[in-house]
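J.: Put together the whole structure using the sequences plus the hints.
Residues 1 to 284 in our numbering are what the sequence shown lists, from first letter to last.
Bear in mind the hints are in silico, worked out from the structure with no lab data behind them. Predicted model, so just to flag it, every value in this text is computed and none were measured. Treat the hints loosely; a few may be bogus.
As the list claims (entries may be wrong) - Simulated crosslink set (DSSO-like; lysine-lysine; CA at most 27 Å straight-line):
#  : residue 1 : residue 2
1  : K114      : K183
2  : K89       : K214
3  : K145      : K109
4  : K109      : K89
5  : K214      : K183
6  : K183      : K96
7  : K96       : K109
8  : K145      : K183
9  : K89       : K183
10 : K145      : K96
11 : K89       : K114
12 : K279      : K114
13 : K279      : K254
14 : K254      : K96
15 : K279      : K89
16 : K88       : K109
17 : K67       : K88
18 : K183      : K279
19 : K183      : K148
20 : K279      : K88
21 : K214      : K114
22 : K148      : K96
23 : K254      : K109
24 : K114      : K96
25 : K88       : K69
26 : K89       : K148
27 : K88       : K183
28 : K254      : K74
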Amino acid sequence: MSRTYRLIFDCPDQVGIVTQVGGVITDNGGWISDASHHSDVDSNWFFSRLEVNADSLPFDVETLREKFKSVEEKLNLNLRIVDSEQPKKVILMCSKGSHCMSDLLDRWKTGDIKCDIPCVISNHDDMRDLVEHYGIPYHHVPIEKDNKAAGFAEMERLVDEYQADSVVLARYMQIIPQALCEKYSHQIINIHHSFLPSFIGGSPYHQASRRGVKLIGATCHYVTEQLDEGPIIEQDVVRVNHSDTVEDLVRLGKDVEKSVLARGLRAHLEDQVLVHGNKTVVFN
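T.: Here it is, written out as C-alpha cells:
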C-alpha cells in the first residue's frame, strides 16, 4: 500500500465543508485517493475521513497540519491527521482465555493487523509461553482482590512506559478503574461476549441460555466507566437454538468474539472510527 495521510474530522454540519477541506489539499497539488462522509441529521453534525497520497504533496505531515489551521478555526473542526507509515503501539491484555489473544497474535504475525505490540499484560501467567513464542515481552501483573489499586497502578505505569497508543482487552476479566477509563478515553478496546446492550456484565452466555435467545453475539467497544456501555465499534451474531447447552454457546461464541475483535481493532488502527457522544461512525 502506498503511503497516505489520513484526515479524520467532525464538525457542525454546514455548507461548504468538503469544498473548503478539499481545497487545502488540491490547492497544494494533493491527490485524494479515498473519501467518506456522513451527515447526521438528528445532531446536525458532519463526519469525514479522507486519504491523501502522501507523495502528491510537496511537504510533510507537519506542514499539512499547519496549512489546516485557518480552516479548522473557521469550520470548528475536530481534526486529526495521521501518517499511515507510523504504526500504532498496541498493548494486549488478557486473563486465562486464549482464543482472542491467539487470534490477534497470529493476525499480527501474518500482517493482517498492522501495528506494533510492545508487550502483553496479564493478571495470570497462563499465556506466557504463547506470547513469548512470538517474541513479545510478557508482564504478569496480578490484581489482588484486597489491593486492586496496586495492580492497576503497575498496569498504568507499563502503558505509559511503552507509550502505547491503544490497549486491547482480549478477554481481560477485570473491570478497569474509572480514572484509567478517563485517562485513556477511546484508547481502550474491549470484546464483550454478548450482543450489547443485551446481557451486560458477567456470564453472558449463561444469561443468554436462561433467556432462551435464538441469536448470541459479540461486541467490540471502547471502555468507559459504565460497564459494557462504551461506544460500539463492531458487532456480529450467530444463530443458536433450544438444544444448545451453555457449553455450545461458549464454543460458538468464541469464533464470533475473535472475528469481531479483529475487525474492530483493524477499524480503530486504520482510523475508520469517529466517536460522537456514546455513538460511533465507522467508515469501511
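J.: If any of the earlier hints don't hold here, list their numbers in rising order.
T.: Of the numbered hints given earlier, those the structure breaks are 2, 3, 5, 21 and 28, listed in rising order.
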